[in-house]
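Visitor: Residue-level listing of the chains:
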Amino acid sequence: MKDFIRIRGLSKHFGDFAAVDRVDLDIAAGELFAILGGSGCGKTTLLRMLAGFEVPTAGTIEIDGVDITHRPPYDRPVNMMFQSYAVFPHMNVEKNIAYGLRKDKVAGNEINRRVDEMLKLVQLSDFRNRKPEQLSGGQRQRVALARALIKQPKVLLLDEPLAALDKKLRERTQFELMNIQDELGITFVVVTHDQEEAMTLSSRIAVMNRGRFRQVGTPKEVYEFPKDRFVAEFIGTINTFRSEVKAASDDGLEAFSEEAGITLIAHGEHAAKVGDTVDIAVRPEKIFLDKEKPTDSGVICIPGVVDDFGYLGNRSLYRVRLESGKIVQVSSQNRRRSVTRFLEWEDEVWLSWQPASAVVLVD
Amino acid sequence: MAATASNDQVWRRVAVAVPYLWLLVFFLAPFAIILKISLADPVIAQPPFTPTFDESGDLSVSADNFRFLLTDKLYAITYARSVIMAGAATLLCLALGFPMAYGIARANAATRNLLLLLIVLPFWISFLLRVYAWMGLMNNYGVINNVLMWLGVIDHPLQLMYTDFAIFVGLAYSYLPFMILPLYASLERMDMDLVEAAQDLGASRTRAFWDITWPLAKPGVIAGCLLVFIPAMGEYVIPYLLGGPESLLIGRVLFDEFFVNRDWPLASAVAIVLLLLLVVPIVLLQRYQARSQEEAT
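First to last, the protein sequences are chains G and W.
According to our numbering, the first sequence is numbered sequentially starting from 1.
According to our numbering, the second sequence is numbered sequentially starting from 1001.
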């Protein structure tokens, strides 16, 4: 696939502070790309540079082979859906959606045709004469989406598109967005702090921290094979065991962990040498809980006692205390319907996982 | 429960009734008295006008004063001059006040409070003193003339004081805060994302201003213009102190009729016409606003 958006060495400094620090990024045409990070990580600044609201301190942005780094916002093949939606309060739905075409001096009947099309796409045909104040949050969001899409941009930027919606609506809107993206084939760049949103929406994710990308990859890669401690901890929850590498080969290592009380084995690629201190990391859902010591060969088993637990309906969360005092989080599916509890406080249990489930994180 | 509910209602009524009563006593009643006087004839007596009912108890009113106002060109010209002067001052306040209000609304929180304080600060000094200060500035040997002569721009003083220009400057200066504050209130509420969204959709900065900022600031613009125009129309102190003898404005005529000529009925008629001149545009404006609101829904 050809790189559609090419970002090279992009930086934005506010005084001494580098909000975005030498970022390189390639996004393919038709991709739904998410930039994920906490507040203040620079993701919004990056998006605003793509939209043209911030002038980069250094670096270039190319879209479809054209350098747009220094073009004003109104002269870019890019449109943006704002987090606040920024629906014009003094215009009705129809006028809001038509605004971009009016500014481009598109002919009147052409505008009408395309507005009708957009209204149908976002299912607001019955609301065309309503003012924004008469719309719900979800409807306003769809006005903002239609208004940005009607100009047929090469890239649509979405700033926290689902943050202002309630849970049920988010889930629905998420799939609507994906369908629309699929239908129109426009490249979407989504900025979000919500990892779940990023995971379900996007084909690829860039995890950002302190103005830099820590990892760029598919949701699966980022979740299952986090590159470093930050990514591992930012996306989902993860248990880490401080360990000293005793033996290492190309596709795995053995490391003794005082916290775990045993030697841990991890399969998979890693960058550690014998003698290094690393974190062996395991996600809570990869760990099994049993009352008896598992007999399967090759699994990692550690004894512990139940410190606390929480019932979440579809699954339960357990906090298991090891002999060293280390607390390990375990998430287990509630496959069987039962009112009696499988485990109680201070029950003795065995934790176990496959060596392939563990990730080696090098500092 | 029922008792508390009705108690609440009583208090709610009291809360609403008090300001209405206030307006009734201190606005409507004086207005009725002025209206009554305007329909009387002047006499040299105490009070200096004929009673509404003569000795036999018959109603004795005449529209002579209003007729006189309409026939004597002086009054028509004075009203027109006042409208033009107040209108020009209002426009200057708008032109100066809009960028100031915009700047304040976009400043960060700490600076914003300081800037707002600076706008309100002149109110801590007596209005009269501030107008006197302008006399010191605009005198033939005042600060402005001295500086201009020192710079060599002019070789003899400009006549600034006692001109319409001085009144214009004085009005614009005095009423500027009344323009800035409502403008600030409406601009501060505005989401900056809206302007960026307009630019994102293809509007230049200027276009985005006229499409988004201006219409959304309109309530503030209207409120500010009314707050400047109405008092500027009836202003007496500024024309009296800064204007020349030939700078006839309606506030001054009103004062002269009351206290120099002691023609209370005519003065009252002048006041009634002034009120009508102010009320009519406000009512029209409110109608327009109500209609545009209806269109919106």
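Mixed in with the good hints, there may be bad ones.
Unchecked claim - Counterexamples of contact, computed for chain W against chain G with all Cβ distances above 12 Å:
id, residue
1, Met-1192
2, Gln-1199
3, Leu-1201
4, Val-1279
Claimed, not checked - Capping the alpha-carbon separation at 20 Å, the derived lysine-lysine pairs in PhoX-like fashion look like this:
id, chain 1, residue 1, chain 2, residue 2
5, G, Lys-273, G, Lys-286
6, G, Lys-120, G, Lys-95
7, G, Lys-131, G, Lys-95
8, G, Lys-246, G, Lys-286
9, W, Lys-1036, G, Lys-131
10, G, Lys-95, W, Lys-1073
Since the hints were derived computationally from the structure, they do not count as laboratory data.
Cβ atoms here follow ideal geometry from the backbone N, Cα and C, with glycine treated the same way.
Visitor: Mind listing which of the numbered hints don't hold for this structure, in increasing order?
Guide: 1, 2, 3, 5, 8, 9 and 10
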